[in-house]
Amino acid sequence: MTEPAEPDTINGVRPTELFAALRTGEDTTMTRLRHRLAADAERDGLLDVGYRTMDSPVGTLLLAATGQGLVRVAYPGQDHDAALAKLAEVVGPRVLYAPARLDEVCRQLEQYFAGRRTMFEVPLDLRLSSGFRRAVLAHLTDIGYGRTESYREVAIAAGSPKAVRAVGTACATNPLPLVLPCHRVIRSDGTLGQYAGGAAAKQALLRLETAA
Amino acid sequence: MVRPFEQIVSEYGPAVLRVCRAVVGPVDAEDAWSETFLSALRAYPELPADANVEAWLVTIAHRRAIDLTRARARRPVAVAELPEPAALTAAGPGLDSGDADELWHALRELPDKQRTSVAYHYLGGLPYREIASITGGSEDAARRAAADGIKKLRASYLPAEDTEGARR
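Chains as they are written, first to last, in my numbering: chain A, 1 to 212; chain B, 1 to 168.
Careful, some of the hints might be misleading.
Here are some of the chain A residues that sit facing chain B, going by a computed Cβ distance under 7 angstroms [stated by the list, open to error]:
1) L33
2) R36
3) E42
4) L96
Here are some chain A residues pointing at chain B (derived, C-beta under 8 angstroms) [unchecked claim]:
5) L22
6) E26
7) T29
8) D40
9) G92
10) R94
11) Y97
12) R165
Keep in mind the hints are simulated off the structure, nothing from the lab. Here the structure is a predicted model, which means the values were calculated and not measured. The C-beta atom is built at its ideal place from N, Cα and C for all residues, glycine as well.
Chain A with its partners taken away, still in its complex shape (with noise of 0.2 angstroms):
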């Protein structure tokens, strides 16, 4: 016996018409169901992974914490749904849109646009990050706001001075761009180099950081 998916006509009205009024206020009921779960959500423990999205001058960031603290920032090149997926399998698949958790991050965020930060303090998570590109990462806030380092002497701080190609993938895979701020790595000659965010979002950072 077979069964049409969608429905026949009732009497000439479709059911999606006979139940019209089922969706009154939908979508605003929504938000405000989603936001309830989110809060259950964290108040229950079940939250792998909350994110929220931000407005940026260099663009919309992918904001995203585990329990532990901010897990990942993503550019907008850099594929905010792929990102989440990757969190999920890695982290856990309890991910949900949850920007309370992502407050005071987006609030220092904000304070570093207007260039009245210089330095982030939120608990991080580096769990993305393992071995020599994690090395790298820590090494990444001694490098103060508005200064920079070349690719070599960051592979010198590293504990690796031949490994300067391998600074430069750490650089590209930084799951914390901005925060662990890899636009401070330059190329020895003073050329600007590469950047997670694009050229031009690495040059605006730069920018911004001198003129503070």
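Using the hints provided, position chain B relative to the given structure of chain A.
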């Protein structure tokens, strides 16, 4: 590939809300939806990759609706009257809240089996075989319950809008 739970909320949330509104009414629908998705979130890591997500959610919603109805029955004050559709006063585009009121009044007159069969099939998109496994009974019984439910709804709700544009 593991899908972030947020995708499940986006894709199925609105349909499950319609199911909840039809089964427990507009006031309790938000509690039913919230408890459904919180339970689903809890169990999500164990959900098999090839599971029918819609049927899974409707099954949870069915249990939560029963819990809500029982909880309400235990509270003597709440027994006296079924919830009024006060939550639907903010009308959506092209609708007035009167439609929502009338539809809920018609739906709540249906026997439980008819109301759930109608909701799970026409709003949840589930085949009668799935509905039978949720509500108990046979596939044919679920199909008959839905047909009877629609027949009653037509009689009690549709006459108000039988002619286009000419509403009382």
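Those earlier numbered hints the structure runs against, lowest number first:
3 and 12
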